[in-house]
Structures are given as C-alpha cells and as structure tokens.
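Asks: Spelled out, the chains give:
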Amino acid sequence: MPNKILRTEKLCKTFSTGGNQQHVLKNLDLEIPEGDFTVIMGSSGSGKSTLLYALSGMDKPTLGEIYFDGKNITRYTEDQLAVFRRTHCGFVFQQTHLLDHMSLMDNVLASGLLMNRNRRALTAKAEQLLTQVGLPASSWGKFPSQLSGGEAQRAGMVRACINDPLVLFADEPTGALNSASSDSVLDVMTGMNRGGQSIVMVTHDVRTALRGSRILYLRDGTIYGDLTLGAFQDEQDGGRRERLNEFLAEMGW
Amino acid sequence: MGDGGRDSTNFWPKWGGKLNVLNPASYHYKKSKSTAVFLFILIMIAGLLMNLGLSSLTDMDGFYADKVRELHDPHVSITMNSASYKAAYRDFLSSYPGVQEVETERVILLSSATIPFYKYDLGYGIRTMVLDADAARNIAPVKLIEAASIEYKDGIYIPYTLKVRGGYELGDNFPVTYRDKQYTYRVAGFFESTLMGTPKLDMLKLYLSQASYLQLSKDAGPAAQGTLMSAILTDSEQSGTLLMDYYRAFPQSNETVIPGFWAADTHMAEDGGAFIVYFVSLILVVFAAVMVLVSLLVIKFRVTDRIETGMVGIGVLKAMGYTRLQIVFMYVVPFIWLAFAASVAGVAVSCAVMPLYGNMVSALAGLVWNGSAHAVFTLACVGMVTFLVFAVAYLSAAPIYRLHPVEALRGGIKSHNFKRNYLPLSRTRGGVHWLLACKTTLAAGRQNLLLGCIMAAVTFASVFSVILYYNTAMDKTALFRMLGSETPDVGIQVESGVDSLQLLAAIRQMAGVNKAILMESIPTVIQGQNVSTEIIDQFEYMDNQTVYEGRYPLYDNEIAVTGKLAGLLGKTIGDSIKVEAVNGSYIYLITGLNQSFSAEGKGASLTLTGVNHLIPGLKGMSINVYLQEGSKTAFMQEVQAEYGNLIRSLTDVNESKESGTQVYGSALLAVMTVILSISVLVVVLILFLVIKTSILKRRRDVGILKVAGYTSFQLIAQLTLSIIPVTIAGVVAGGALGALYTNAILELLLADAGISRVRFIVPMPYIAMLCTVIVAFSCLVSLFVARRIKGVTPYVLITE
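Protein chains in written order, with the numbering used here: chain A, 22 to 274; chain B, 2 to 801.
Excised from the complex, chain B in its bound form (with noise of 0.2 Å):
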C-alpha cells in the first residue's frame, strides 16, 4: 500500500497496485456457491421476463400499422350486399382527404355461416365472408404464409388464427355450412388479416379457388352477394375518423337499413388484439420486477451477514491499511459482476425464447408476430439490475465506513442487546425441541424477515396467477363482467327488414325463456370522443351489470358513460352531454358510470326510446335469449322452426364465447405455469440459502446440542420447526394480500384499456390449497436441505 501514496490521483496505484477487483469476486463465489448460484439464477429469470415483456410490450405498439403496410391491408373495410351498394359510397372514400388507394370487390357474404373455430369442434355460427382467391386485387392481395405442395379442387385458404388457436393443418377438413347445408373444403393455405383474420370484429374472411367461389356464390343465391369497400389511408391514425365521417355522410348504414353493412378500422382490431398481448408482457415485467426485489433481499442479508461473520477480517484488512473504499468495494464488486453476468444471460436467453413466446403473441392477435429483443431495452435491462445490485450492494457495505480498526479486529460491537428472555424454558409450557425451534425463531429475526417477504412475494405472485387463470379458463362470470359482456344462453340476429320488437315479445312468451333483450351498438361522437354507444331496451334484464357508480338510463333522456369516458371528459353523474350520431345530436343526462373494453374503454349506454333522439326509428337487430335450465337445444330448434324466415343467424353464445375467450385461458394457463414453476425454483432456492446459512452460522450451536445429546434428527426437525412459522406467516400474508389485493392491482393495470372496477371471483379453495400446498412443499424442502446438519459432528467445536 505504500506505493499507493505517491500518486494519490491514480486510481489503480491508490489501490495499492496489488489489489484486482476479480480476486475478491473469485473468493466470494468460491466461499458462497450456493448463494452465488441462486442470484445468478434469480436474476436471470428476472432480465429473461423482464425483457421479453418490454421488448413485446414496443412491439405491439407499432404493431398493427406494421402490419397493415406489410399486407398492404386496409386501414377501413366497409362491406354491404351489393343490392345496397352505391357508387357514392365508393367516391366518398376516395375522396376523401389522406385516402390512398380504394378497391371495391364482389365477395359472397354469408351472415352466419357455422365453422368448427377450433378442429374437431361443433362449430359457432360467424359472420363469414368469401372472396375468390384467384382475382385480382391490390388491397389485401392473397400472401399466404404457408401453402399446401399440392393443389386442392376443393382447395381453402383460412386464417392464420385457424392454425395456431384452431389447431388446423394444411389437407385438413374444413366444413362450412349455411342455411343447413354443408360444404366441405380442404385447407390448402393460412393467411393474415388485421381486420378480418379473428373472429373479434365479428368477421372471419375465408378465400376459395375460383370454381369453388362460383359454385357457392350460385348456391348462396343473390342475397348472399356482397360488396367490399377497402380503404387505405396515408396515415393510419385517420382510420377511426374516416369511419366516423362515413356514418355521418351515410347515416342509414346499420343492419337495419342496409343488409349485411358491417364495418371495421385498424383501431378496433389493435384494441382487440393487442390488450391480452399487453396484459400479458405486463404480468411477466411485473413478475420480473418481483424477482429483482427478491434478488435485492437476498443482497442485502449476504453482504450484511458477510460483513457480520468477517468482521474480524475486515479489521486485519483495515489493520494493514486498506481503504474504506477497497474494503466496501471487496464486499460490492463480487455482486455486480454476477448481476451483470447474470442478467446478460438473462437477455440472451429471451433471445432465444422469443420465437416461442412469439408463438404465442401470434395465437393471441391472430397474426405472424416476429418480435425480437430491442437493443435499448437489453441493455436498460441489464444496466439497470445492475445498478440496482451496486446500490443496494453498496448501502448494505456501508457500515464499514464506520467500522474502527480495532473495533473489527475485537469483532465488532456486539450487538447481543437481548432485552428479553423469550420464551424461558423454565416457564413456557410446550415441548423442548418446539421451544427450542421457536428460540431460533426469534434469534434470526432478520433471515426470518428476509424469508417470510420473498415467501409472502412468490406467494402473492402464485395467487395472482391462479385466480387469473381461475377467471380466465374455469370460470369466466368475472372475465365477461369485467369486458362488459353479456352472457345469454342463445344469441338471435334478426333478418334485415323485420320488426324485431314484435319479435322480442314473441320470444319473451314462449316457453323455458327466463328473459329476453334487444340490443344494438352504434358508434357515436361526444364532445369530439368516438364512443361505441349500446343500446339496450330493457338494462334491469342484463345479467352483467356493469354500472358501479349511479345507475343505468331509465328515460331517453338519460345516459349511463364509461368512468374512462366521463373522466376524459371532466364530467360525473348529474352532468349533461351532448351525443352525436350519423344523423343529429341530443343532449342527455348522466345518471351512471360503468365500464366496457371496446373503443379503448369509451363507451355509454342508451335506452331504446333515447336512441330515436339520434336515429329515428331504430331498433336494434340482436336478441339476447336468457334460458331457464336445461331446454336450450329444445329451444334453438323451436325457435328456428317458428321463426326461421325471420331469423338470419341463431346462436349458440356461451360455447361460442367459451370457445372465443379459450384462447386467453391458454395464455393465461402459459403464465401460470411460467410463474407457478419459477415460484417453486425460488421457494427451494431461498430455502436453500437460508437454511444453509442457518446451518454454517449455528455450526457452534449445533455442535453444542450434538455435545448435550441431541440427535442430529431432532435439530433437523428443530431446524425445519424454526422455518416452519416464518414461511407460514410470509405464505399467509402472500396469500391473503393475494386475494385482498388481485383485483385492486388489475384496476390498476387495466385502467388504460377503460377497465374501472375488475371483480375478479378469489377461488377461496384453491387458494387455500395452493398455499397449503406451499407450506408442504417448504417443509418437505427444509427436511431434505436440513439432512446437513447431519455432517455436523460435536468435534465441530474442537475443530473450530
């Protein structure tokens, strides 16, 4: 160190020119592999999560206009049957301000054609459209992602979705059926569409070789033959407005007035698309950022613990003159390089795990996803876990700054300031080994608080995931609640040109029916907000009430608004707003807010007579059917015996939606497992680590009972009983912050996507399994861990 004096602004001869920052790093993986080992581990998996959810999360951003310029889709499908179709339509797009490129085209559109979703399904009735695959067209050109080697007669190509949700293959059966007649083609290929690719938008679009089209164009008939609009904007964001202005040019076009309109804009898809794919990337960073508090515990209770049992070392290093800066950065630098290490591993296996979780950001959205990692993000990831790591690594070193020589050299202060004899075995009823279990307890105060918050914090997060899972796949009450959708037993879509309210109360009487609605949406403007507005002629008969402040329109007057809505706009119950629709404006109060996912979460709700303020004579063309138990079959088949000439589709909902939101279950059930399994990796880890800890502190200790006559299987259980309390209190505050707060922390992820209250159901018994199944779990891994005491011999204390 003397030469260190002699240039006191060089940083190396300072350190004495002898000390290399790795010596000490080598030395503590070399004296603490487990702990080492577990960090690394620790923080791989967080830098894994953590930048596979960022880099996804970017993705998806740009995601769908990406996409749409790739395809060279369009930013606006408008469709109709052609005996509706008008040029002015087609001029109206084209002239209209940012229009790029118009294409109009025949397709055959079948308003409810049944198709298996998923392979070996039954199939659900879905708006279908068909085009010919073989004509020519620039918007949307047929680009098939895979094709069959051999040409099919009866070739078909489908959606991309139908491959990775559905399951289908290239030669698979692909039946069709409408107006009870079956088609069966061959898949011959898979694309992509942003618009009509899921069945989200209520239209699935389907491409047949040429012979093929005709023929079903010829069987469908007339009414089936239909137009398509395709628009493409220079600027992707007009697309909602475009839609907008075209209701307001058109301001019949709704099913009621023209047959078979439908509409669609990139916007609607991406909010669709994109938000499970959002939640999703959301739960893994979350997840990620759990993991990097636990590594961070873990830090702090080495390094302190380091600096408790080496005190003495730490004086002789003082004694031989070592810097207070040298000696912090001995205990520092070991964790800094690991977390470097560590979470480069961490983002260079996300590189390598990003095709599969593509995979399944593809299954979601429905289209190819190729993401891949982001430099800016690996490397915010990696230099902010290790800045972390160096600060929380540094402020736990920090005690040495204060550290005398010779203090250290004594050992340090000793901090043995026992106010209390707890738990005195002369007094305290109860067996030896639990008293003395329950002493080792309160002696560890800190491991034990270390161990209980990263128990409570895989636990929370194991909750977490399992009651989304609960929701999302096993019962979905809560899930359709939250997304403001109803679930009725049979959907009726009502023939164009028909008196659906005379049909709503022939329905209402007839037999097994508990209650039956009307229901329509129509996209509105308010106070310059495009607003999805439903229409519903009866709210108390609605299953899901969605309304958690006030309550729903009474009067046509009256108007309920999303709490994202009202809060955009600056206002509450008891203010009044002015509604815009394609053919006039009406001024209404609102009496309520409540929630709904589509059009980013800005929605209102009207009643049927207060609709006729904005379109006149509107009726709304879909029937929500409400069953009383066990009569639905019989009742489809009524009801399409009875009213079939009036009836365009008929629908069984709940499979449908069952069949709809499986996908979010299977990603769901994928976090899960991802998180359940890195739950247990830490529960064995920390385990590990604190007990073997535990065990190389209380050597002495140990070695002292071994003396007095204990056997090694009583301190084991001793050991394992001391454990026992802490992870019980750390699983049962996990668990119940779990439970208490799943919903709460969901509102706040959600809140953006317009979900204001979630009321997710807590599965009370599965939780209380999987909590139990944890505390098994630990003991069972602190039994097996605790078997080291076994090399503990009383000559321990002759020895050391």
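Isolated chain A (complex conformation) (with noise of 0.2 Å):
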C-alpha cells in the first residue's frame, strides 16, 4: 500500500467579493497516494485550481486540514509555506510563468540555488535535465521571449523538477499549446511519473487528462466523481479512452 502523499479534511474555501460570499471547496476529503498521477478535471469555477493551490501550500483554505506527507501544513506560515514549496514542491503553469529578464538556465538555477547546493553539481543537473526534455544547449542561454511555447513549458517543466519534488503541481500545462508541443510536454511528464514522480494536474483536456492514472471530477466544490484509469502505456491501452469518456459523460461533461 502506497504511503499517502498528500490527504485533505473537510478542506474548505471561501471567497468574498463585495459582500457576497461564494464557497468554491465544501468540506472536501481526499487523499493522493505517493507515486500517482492524478487528474483534476471539471467544469470552469468548479473548484479545480483553488483546489490544486490549496494542495500545494500556494493559498490557505478556510477550513480544514491539509496533510503533506503527513505534516498538516494548514497552519504554516507564509514563510514556512515557502520553504515548504521550495523543498516539497514543483509547479508547472499554462503560462510557463518564466522570470523575463532571465535566460532559460537561469531561471531554472534561480530555484534550484535556493536549496543552497552545489553550484556545479546543480549546473550539471540542470543541463542533465534541459537535455532529457529536449532543450538543446544551444536553448539554455536564451531569453523566455526567445523561446516557442512549447519550450518555454518543457524548461518550466525543469525549473519544478530541479529541487526533487515530491509532488509536482501541473495547472493546465497543455493549454497554450499546439498539439506537437503538448505532447512533447505531455511525454516528458509520464516519463516522469514512470520514474516514481508524484503529479497533481488540472486539466480540462480530455487527450492530456489520459496521461494519469486517476481523475477526480470535481462539481461544486466536491469531488463528484473518482476514476482509476492505472498507469499510462498508450492512448488506446485497455479501452483507456473509452472509459475516460464513460466516466465524463457520467460527470455530465
């Protein structure tokens, strides 16, 4: 039995805006086990991203717990939670989100130095890293502004890897890009997973929400619906497909 990486009590979030109150996470109980590639979908303001943030120390719930390999992290500070994330965490964003004033292994080294290694060593892992998703050296010195998206996320995909996280957090990774793009970003991923990487992704894509090993149908702030799909060979793999859409069109996707 997989130890449970990341486990939620009554997790609740509540957003006022100009005095109306809006409950975007009711009393949500959940538990992601080490090593899996779960998938959030539902439709838009169900809940998703507040949900993923919540999960990786990004934002702070309302009410509840969240439990982070077995630490309730709930009442972390704002300083703790970003040593939190620094040691625990990668995050993968729609917008790569890529510091512009900085190059490709900058960027990357940015995170990976604040975990005060070894500069060299970090270096190496880093072009270790750049190579193995496909960024060439050639790619390392230049600017985000200089890079196509899909290289962009492949070395946002870097930055989160660099510190060994335990969990990596992906919101929509897939969403600005091309298909040729999405799956080299969409590989590199189940690559990752396959070598024991735990990964929480919001997605709303059916091809890309394929690549996990378990959805979660999120309606209303709950979790409407859980789905174990195993883990990922191929898109037709054991009706994999097929079951994917069963269970969305049972959502009422």
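No lab work stands behind these hints: they were computed from the structure.
Even glycine gets a Cβ: it sits at the ideal position worked out from N, Cα and C.
Just so you know, not all the hints are guaranteed correct.
Claimed, not checked - Keeping only pairs whose Cα atoms sit at most 27 Å apart, straight-line, the calculated DSS-like set for lysine-lysine is:
#, chain 1, residue 1, chain 2, residue 2
1, A, K81, B, K791
2, B, K693, A, K81
3, B, K791, A, K92
4, B, K698, A, K163
5, B, K572, B, K201
6, B, K698, A, K81
7, B, K182, B, K120
Stated by the list, open to error - What follows is a set of in silico ranges between Cβ atoms, one per label pair, in the way DEER data are often shown:
#, chain 1, residue 1, chain 2, residue 2, range
8, A, G273, B, F785, 50 to 56 Å
9, B, R421, A, D255, 42 to 48 Å
10, B, F714, A, G216, 51 to 57 Å
11, B, V377, A, S166, 51 to 57 Å
To be verified - Just some of the chain A residues that point at chain B, by a computed CB distance under 10 Å:
#, residue
12, Y74
13, G78
14, L102
15, A103
16, Q116
17, L120
18, D121
19, S124
20, S132
21, G133
22, L135
23, R140
24, V227
25, L269
Since each chain comes alone in its own frame, lean on the hints to assemble the complex.
Replies: Laid out in structure tokens, this is it:
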C-alpha cells in the first residue's frame, strides 16, 4: 500500500467578493498516494485550480486540514509555506511564468540555488534535465521571449523538478500549446511519473487527462467522481479512452 | 466618434464630443496616487522656492533706494571731528548738482566704543555715532519701528539690526564702554538706518534722550564732538560720484589728516547688505530648478512606463477610433493639471511664508524687508513649470503617434532584445539573492538611471549646502579669504597725528608678535571706475594672499587689480593704468590679479611707497597684528598699557569678525536646513515611487519567486539590494560633483559680485558622513517600502 503523500480533511475555501461569499471548496476529503498521477477535472468554476493551489501551499484553505507527507501544513505561516514549497513542491503553469529578464538556464538555477546546493553539481543536473526534455544547449542561454511555447513549458518543467519535489503540481500545462508541443510536454511528465514522481495536474483537456492514473472530477466544490485508470502505456491501452469518456459522460461533461 | 467627422474645424466634436479631458486626469490620479502626490509635493516646493527667490532678487534691486526714500535717509553721510569742520564742506555739498537737501548737525563721535552687538556678548569695538533723539532734523528723522510704552530716563534707541541679529528687546540693558568707562542705558526703541544701521560700513548710529546725550557729550569731552553732514540727491545713482568729487575737492579727507573722518554712500551700503540676500535667493532659485528637473525626470519616467504597461489599452482606444492626439493628451493632460495646481499651491504657500523669509532678509540687511510676491513672477513660475511639464510629458508620449493599432493590441513590439545574459547564475560567484538583485538592477536600466540621477541631484544639493554652511559657520578662513578680508588677531587703530610707522616698528618688536602690517584703504578712480584701493606696507606678511594670477606689487610703480576691474578695463598683467586720487594721478604697471568683495569687486592694491605718488605722506592708520598662539589677552593689555595714548582703539579682530559673520552662518544654516529637509523628502518620495512601481511591475515575478519558495524577507532584501548599488552610485556621483564643483559654481554665481576665485574648504569627513547617512537612510526607506512585497502572494499568478 503506497504512502499517502497528500490528504485533506473537510477542506473548505470561500472567497468574499463585494460582500458576497462564494464557497468554492466544500468539506472536501481527499487522499493522494505517492507516485500517483492524479488529474483533476471539472467544469469552469468547479474549484479545480483552487484545490490545486490549496494542496500545494500556494493558498490557504478557509477551513479544514491538509496533510502533506504526514505533516499538517494548514497552519503554516507564509514563510513556512515558502520553505515548504521550495523543499517539497514543483509547479508548472499554463502560462509557463518564466522570469522574462533571465535566461532559460538562470530560470532553472534561480529555483535550484535556493536550496543552497553545490553550484557545479546543480548546473550539471540542470543541463541533464534540460537535455532530457529535449532542450538543446543552444537554447539554454536564450530568454523566455526567444523560446517557443513548448520549449518554454519544458523549461518550466525542468525548473519545477530541479529540487526533486515530492509532488509536481501542474495547472493546465498544455493549455496554451499546440498538439505537437503538448505531446512533448506530456511525454516528459509521463516519463517522470514512471520514474516515481507524484504528479497532480489540473486540466480540461481529455487527451491530456488520459496520461493520468487517476481522474478526480470536481463539481460545486466537492469530488463528484473518482476514476482509476492505472499507469499510462498509450492512449488506446486497455480501452483507456473509452473508460474516460464514459466516466466524463456520467459526470455530465 | 462618428459625430466627430461632421465638423472637423470644431475642436470638441473632433474629440468625439464624449471625451472630457478631466476624465483621463482623474483616472490617472486614481491609478497612481503616490506618483501624483510625489509630483505635487515636488512641484509645489519648486514653485515655493522659485517664487521666494525670484521675488526677493527683484525686491533687492530697488530695496535700498526705496528704503532711503522711505526713511528720508541721506544718500551721502560725512562726519568728522567738529574742530576740523569747515563751512566749505557743507557749501560743496549744497552747491553740488543734483543735491536736493543738505543738513548738518552736532553729534558725539565715539571713535571706538565697545558695545555688545549680541545680547549677553562681551562686546567688541565699533565706531559709534551718538545723536540727540530730541533734536529737530529733516534728514533721517527718528522713525521708530518699535518703541517702549514707558519713557525711560536712560533710554537709548538702537538700530533694528541689534534686535533681529543681536537679540535685544525693549527694556534690555545696553552697555556702552568708552575709554574704560561704562554707560548703561535701557533699550527704548529700534530704528532703521541704511548707512549706519549695521557695522558693515564701520559706523553704528545710536540715539540718546537729550539729557543722556548732554551728559555723555560732557563726559566724552571736546575730542568726541563731531559734525555730521547729510545730503539727499535727486538721483541716488549719483551718490558714489558725489563722494568721489568731494574727495577730489578736499584731498585731505582722510583720518590721517582729519580726525574722526568717515564717509559713506548708499552704494556702499547696498554692496554689503544686498550680497548675502542675493546669494541666499540665488541658492533658492537654483535648488528650485533642481526640484523642477527631478519632477520632469519623474514625469518622463511615468509617461513612458504608463505607455508600456498600457500598450494594449492604447491599441483598444485606437481600434475604437480615438485619434492619436486624443490618446497622447490622455497621457499629457493629467500632468498639466497636476503641475498647474501644484505650482499655484507653491506660489500661494510662498506668499504665506514671505513674512518669515522677510525676517531672515531683515536680519541680513539690517532693515525691515516687507517683500511680497510679484504677480509677474508668480505667473511666470506657474506658466514656466506648467509649460515644461507639458513639453516633457508630450515628448514622452509622442511615440504613441508612431504606434500601429495592431502592434499596440499585441502589446507593442517586445523590447526584450537582450544581447547578453549578464551574471549567469551557473558561472557567477556570489549568493543567489545578491545575484538576482544585480540581475534586477541590470534589467531595470531606465528606472535605475532615473533613481541614480535624482539621488545624485539631491546629494549634490546637500553637499553644496553643507560646504556653504561649513565655510560660513564652522571654519570661516576660506570665507574671509574669498572676501579678501584679513584675519589678524588684533587690530590697532592709530590715533590721529601719531606716526603709525614708528608705532608699527615698536609693535613688531613686542614679545609674542608673529608679524604686523600697516593697512589703509583709499578711494581712487581708474579710467572712470570708482575703485577701493588698499595700501599695505608689506604684502608678503598678509595671511590672505588673494592674488590668483601674477603677484602683489613690490615697487612704487606697481599695482595689483581685481580680476573684475581688469575685465572692465580690458587690461591684464603687464599693462599700465592711470590711477587718479584726490590730489594726483600716476601710471602704474599691473603685476597681479586678485579679488575683493568691496566696491562691487572693483579693487586695487598699492604699496605704501606707491601711494605716495597719489597722496604724499599717507601712512595708514590701521595696524594688523598677528600673534603667536595663546598670548592675545596679555598682548592687548600690554599694548594698552604701553601705547594707550597713541592708540584710538584696540580690537580683538577674530572675535569681532566672528560676531560680524555670525548672521551669514545663521542664514546659511537656515538654507542648509531647508535644502537637507527637502532632500530627505525627495529621497523618501523617490524611493517610495521607484519601489512601489517596481513591485507593481514585478508582481508576476515576485509571485513566481514566491512559488519557487522564496520568502517575503528574501525578496524584500533582493529588491533593496537591487536599489542600493544605484543609490550608492548616485550618492557617490552627487557627492563627488558637489565636492569638486561647488567652488566652480560659486565662482559662477559670484562672478558679478567681483569674486573670481572661490576656494571654500571641502570638508571631506562631513561629506563622507553625509553621503553615508543618505545611503543608510535610503536602505532603511527601501526596506520599509519594500515590505509591500508581503502583500504579493503566489496567488497573483492565478488572479492576474
């Protein structure tokens, strides 16, 4: 039985706007095992991203508890959460969010050096990861504005993984990419997961969701459906696509 | 916008009939309140200082002439011992063309009374004239500014200077020591006098009630009985000429021949009194100009920044059909309104503080100064500042003209044309926070240039004011040197009729005397210019070697002239000039150029043998004594005991000069305080503006770094570290410029006053301390303002 890397108890998140209260997450209980590739799906406003950011310590829940690797992170201060993120989490965003005034390599190292690692070893690791994701040495000195969307996203993934996070959080990582770029990014993520990397990803794209080993469907702030797909081999593997389609149809997708 | 096309000649329909220019202004103020407040304060201060400075500069122009008219003061005053007085002197004045009124009256001349110029002071020797307050007179009647409500039996009326500078109040005791006897009076009132209201012209006027006057007259004896002649001219410009012609007509008019002789005219008073006011006003105007420059830099920065960040908005407006001019004006109009309102507020405040400034001017000039703002300058200040702001904002917004709508909608052409990846993290040594801070510094070039320039400007202004203050209040050596004023330890005025050369030789032999020189000053005319000529027996003994080119005269046919006079005459070293004095003329060879502050900078220096070509037998009646350390009091007592009968007065020159220049120190202390306070304000505001803008622009970057695990404190430190190198560079540049160029700027400012060379001491420890304080203060302000980073959460990446 794999270790539960993430667990929530009665997780609630409420936003107040102009006097109106919007309950985005409602008493949500969830467990994510280590090494899993969990995909969170749901319609717009269902609370997918809110859940992702709460799980990753980027946002604090209104009520409830979050346990990360057995530790309750709910009451961490902002600075404690910062240390927690740098030590345990990696993030990939839809908009890549690379620092414009830094080269690709510097974007990666800016995260890595925060852990006070040996600079030479860190650089070697960054070079290895960048090569692994298909970014040639000629691109390492380029600035984000000089990279294609796929290149930038792969660089973002290397940045996310440079500190060997326990969990890689991805928010619509292929949302702004064409299909070729999407495939290359998803291949990288799948490869990582095969290597034992826990991933929690939010997406609304069915093809992207197929890469997950488990699909959670959110509706009105609660987990409405939970589908176990198993490890990804290929898109047609064991009727994977059909099972997902059926599940989504059931969910009212 | 469709309506706009119907009548293209009508301006408002062209604006679509919908766009109110106030709308973008109010939108702008709401969006960037801190910039608006910063600029408002800065422009208001600039308007305030500029209006004060320009108004007082203008008022000082006619101030003395108006004051003479108001007080019915004489344009020329001549006094002498009554025994030497002749009716011919008065007749000369009466018959002189342009003389409107002449009056003669008996006075008491205390050749050297010791009075405490500053209340609670021990007092120093000032030549004093005492008049009968109850006597009838037309010229310079007693007009009291302030009078005691009760009549004192021993009442004395003293010059207004003694109130504003000396600190006297009505009813205070006022001791006058003459020939070792002390007379104590009660201050019964204050009056103004253009010629004898301050010690500048070496004569202070006092009024006693008739009974006290008669008593003092009796005590002082016949030697102190003097006659005062006063003349009022139709044209005050003639006052210098009248006095010069008087000297020509009566060549014996000097203290050597006529005991108690003293003469002064309005020009002489104006030279001394107006200078410091002129100087202070000029500093205010220059500082106001620095403030305007800072404002313009900020406006340029803000407009460019707003265009860059609002590029898509511009594209939308263009797509909607707004014309380029309309969009440009959306960026320009807010600044015009702001500049107009701030400069109006500034001149309004200047009108309110004018009385306070007037008090300072009154203290400097020794006369009541009721300066007021001039409508012309007020309008000029507002108009000029508003126009400059319009011009800079318009030019900064001009790139909008060249911006294509599609290009704008795509966020403009990205200018991320990074040629080099500075400080790559993989190869550069140093902590990650420091390296990231340096990268931020290098990435924000324009902002840092603005910050650096402003820090340099305020540091320069601060250093300038500190140097001025140091040299006018803490170590006055360079001030005296600049003014061409000698600073001996003791000054001896030789009694009329005494052989001063013999006394000089005797003094030089006394124990403790380092050196002694004989000095005199006579009026001369060189090619139509009235020149104050100093006579020194041995120039090499002078402490203040004011000759900056060539050398002092050595032989009787040589002369040194001031650089200003040489410029006016078109002469230089090696040329010959004809010098005219009261009863002769002679051609001298120019051997050197020096500087002097007296007689509008028109001065000359002759040897004692040289002056005999002009005034045979002139020896000079002042001896400057320079002592070895620690022997002053004993020396003065010894001189008094040994040569008391040959000496008219004995003065502790250091002390009297210290007291005399104290007012300059006070004025410049006020100026320094104002400049330093405004500098602090500007530093706080600019750092607030830059850091706040930086955080706003880098919200996404801050969010990314927070996601990566950087804590708020680490990011605050990074931001502060990114600002500090620029701050240090600006402060060092400003400090260096101030240290290197303050003297050059002063030379430029004082050129008109006859000062060609300024060598003020640059107190490096103070400047280093000031720069360190500015940098430390900037660090603290930066850390404080950068705390706003705490408010930026990683969530910003989702919500923005």
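Asks: For the hint on A/R140, just tell me whether its beta-carbon gets within less than 10 Å of chain B.
Replies: holds (7 Å)
Asks: Check the hint pairing B/K182 with B/K120 against an upper bound of 27 Å on the C-alpha distance.
Replies: holds (19 Å)
Asks: Quick check: does the Cβ-Cβ distance between A/G273 and B/F785 fall within 50 to 56 Å?
Replies: holds (53 Å)
Asks: Can you confirm whether the C-alpha distance between B/K572 and B/K201 stays at or below 27 Å?
Replies: Judged against 27 Å, a Cα distance of about 30 Å means the pair is violated.
Asks: Against the 27 Å threshold, does the CA-CA distance of B/K693 and A/K81 hold or violate the hint?
Replies: With a Cα-Cα distance of about 26 Å, the restraint between B/K693 and A/K81 holds, given a limit of 27 Å.
Asks: Given the proposed pairing of B/K698 with A/K163, does the C-alpha separation stay at or below 27 Å?
Replies: Given pair B/K698, A/K163 holds - Cα atoms ~22 Å apart, limit 27 Å.
Asks: Next pair to validate is A/K81 with B/K791; report whether the Cα-Cα distance is within 27 Å.
Replies: holds (15 Å)
Asks: For the hint on A/S132, does the least C-beta distance to chain B fall short of 10 Å?
Replies: At 4 Å from the nearest chain B Cβ, A/S132 passes the 10 Å test, so the hint holds.
Asks: Against chain B, is A/Y74 within 10 Å by beta-carbon distance?
Replies: holds (7 Å)
Asks: Against chain B, is A/L102 within 10 Å by beta-carbon distance?
Replies: It holds, given that the least Cβ distance between A/L102 and chain B is near 9 Å, below 10 Å.
Asks: Taking the CB of B/V377 and the CB of A/S166, does the distance hold inside 51 to 57 Å?
Replies: holds (54 Å)
Asks: Please verify whether B/K791 and A/K92 have alpha carbons no more than 27 Å apart.
Replies: Given that 27 Å is the threshold and the Cα spacing comes to 25 Å, the pair holds.
In terms of the numbered hints stated before, the structure departs from hints 5, 10, 24 and 25, listed from lowest to highest.
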